[in-house]
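Asker: One letter stands for each residue in the lines below.
There are 2 protein chains.
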Amino acid sequence: MEIKEIINKIDFSKIKWKDIGFVPAVVQDYKDGAILMVAFMNKESLELTLKNKETYFYSRSRNELWHKGHKSGEVQKVKELYYDCDNDTILVKVEQVGGVACHTGKRSCFFNKVI
Amino acid sequence: MEIKEIINKIDFSKIKWKDIGFVPAVVQDYKDGAILMVAFMNKESLELTLKNKETYFYSRSRNELWHKGHKSGEVQKVKELYYDCDNDTILVKVEQVGGVACHTGKRSCFFNKVI
Chain B
961 MEIKEIINKI
971 DFSKIKWKDI
981 GFVPAVVQDY
991 KDGAILMVAF
1001 MNKESLELTL
1011 KNKETYFYSR
1021 SRNELWHKGH
1031 KSGEVQKVKE
1041 LYYDCDNDTI
1051 LVKVEQVGGV
1061 ACHTGKRSCF
1071 FNKVI
Chain W
961 MEIKEIINKI
971 DFSKIKWKDI
981 GFVPAVVQDY
991 KDGAILMVAF
1001 MNKESLELTL
1011 KNKETYFYSR
1021 SRNELWHKGH
1031 KSGEVQKVKE
1041 LYYDCDNDTI
1051 LVKVEQVGGV
1061 ACHTGKRSCF
1071 FNKVI
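Chains B and W, in that order, are what the protein sequence lines are. Residue numbers for the first sequence follow this note's numbering, beginning at 961 and rising by one. Residue numbers for the second sequence follow this note's numbering, beginning at 961 and rising by one.
Just so you know, the hints here were simulated from the structure itself, not pulled from any lab data. Here the structure is a predicted model, which means the values were calculated and not measured. Some hints here could point you the wrong way.
Pairs count within a copy or across copies, as identical chains cannot be separated in the list.
Straight line, CA to CA, 27 angstroms or less: simulated DSS-like cross-link-like pairs of lysine-lysine [unchecked claim]:
1. K1039 - K1013
2. K1031 - K1073
3. K1039 - K1066
4. K991 - K1066
5. K1003 - K1037
6. K1039 - K978
7. K1037 - K969
8. K1003 - K976
Assemble the whole structure, with the sequences as input and the hints as a guide.
Answerer: Pasting the structure below:
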């Protein structure tokens, strides 16, 4: 499938912020299945992710595209990419270079255990 | 931690729809780590999830709380629950009764493989 075709399949309209439509993207370790983080992608970041096989997101707080790891070199290499039955969520299975996905220095952003 | 304390930690303000704040909730199989689905929780659905140890979500299309599997009996039993470093995403590890999480009859909602 062409990248444009894939992007046209995704429904970016349900969540909007400053007129930018985006969808949640779950980032999972391709080897052991750990959930590393969840961020948001808009059309442009999905296009770059598919083109460059590294993850790009849209940061609402900074109002800009964000290439994960572009400064540190700790990028996420895309191994698999899926969208869901409603066409409004992305799942990316990655190899996390350096092993650490969270800005706190922890491997995963989900370190606050409630149950 | 008390349920109210946990709910007060979560930032429901970033995504709003009809003045209801909600956060993405990733549902993962607690045994093999498969991502079953992603849906949204508001305060009330998180409270019910923590209280009853089964997943509740907020459906924007139907504009109502939704107890996953309440009709079919195919509920999701909560084994672990986490929130992320930004306090705005939930990860629930569940036992999916009946094994099927997606309304299409597939185990996972993420059956559309792009890469």
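Asker: Are the CA atoms of K1039 and K1013 at most 27 angstroms apart within a copy, between copies, both, or neither?
Answerer: Answer is within; shortest intra-copy Cα gap is 8 angstroms, inter-copy 33 angstroms.
Asker: When no copy is specified for K1003 and K1037, does a C-alpha distance of 27 angstroms or less occur within a copy, between copies, both, or neither?
Answerer: The answer is within: 19 angstroms in one copy meets 27 angstroms, while 35 angstroms across copies does not.
Asker: Up to 27 angstroms between alpha-carbons, please classify K1031 paired with K1073: within, between, both or neither.
Answerer: neither (30 angstroms within a copy, 29 angstroms between copies)
Asker: Pop the pair K1039 and K1066 into one bin, within, between, both or neither, using alpha-carbon distances up to 27 angstroms.
Answerer: both (22 angstroms within a copy, 22 angstroms between copies)
Asker: First find the shortest C-alpha distance between K1003 and K976 inside one copy, then the shortest across copies, and answer within, between, both or neither for a cut-off of 27 angstroms.
Answerer: both (12 angstroms within a copy, 20 angstroms between copies)
Asker: If the cut is 27 angstroms between Cα atoms, do K1039 and K978 qualify within a copy, between copies, both or neither?
Answerer: neither (31 angstroms within a copy, 37 angstroms between copies)
Asker: Within a copy, between copies, both or neither: which one fits K1037 and K969 at a CA-CA cutoff of 27 angstroms?
Answerer: Classified as within; 23 angstroms inside a copy, 32 angstroms across copies.
Asker: Taking 27 angstroms as the upper bound on the Cα-Cα distance, should K991 and K1066 be classified as within, between, both, or neither?
Answerer: So K991 and K1066 pass the 27 angstroms test inside a copy (18 angstroms) and across (22 angstroms) alike.
Hint compliance for this structure: hints 2, 6 are not met, and every other hint is.
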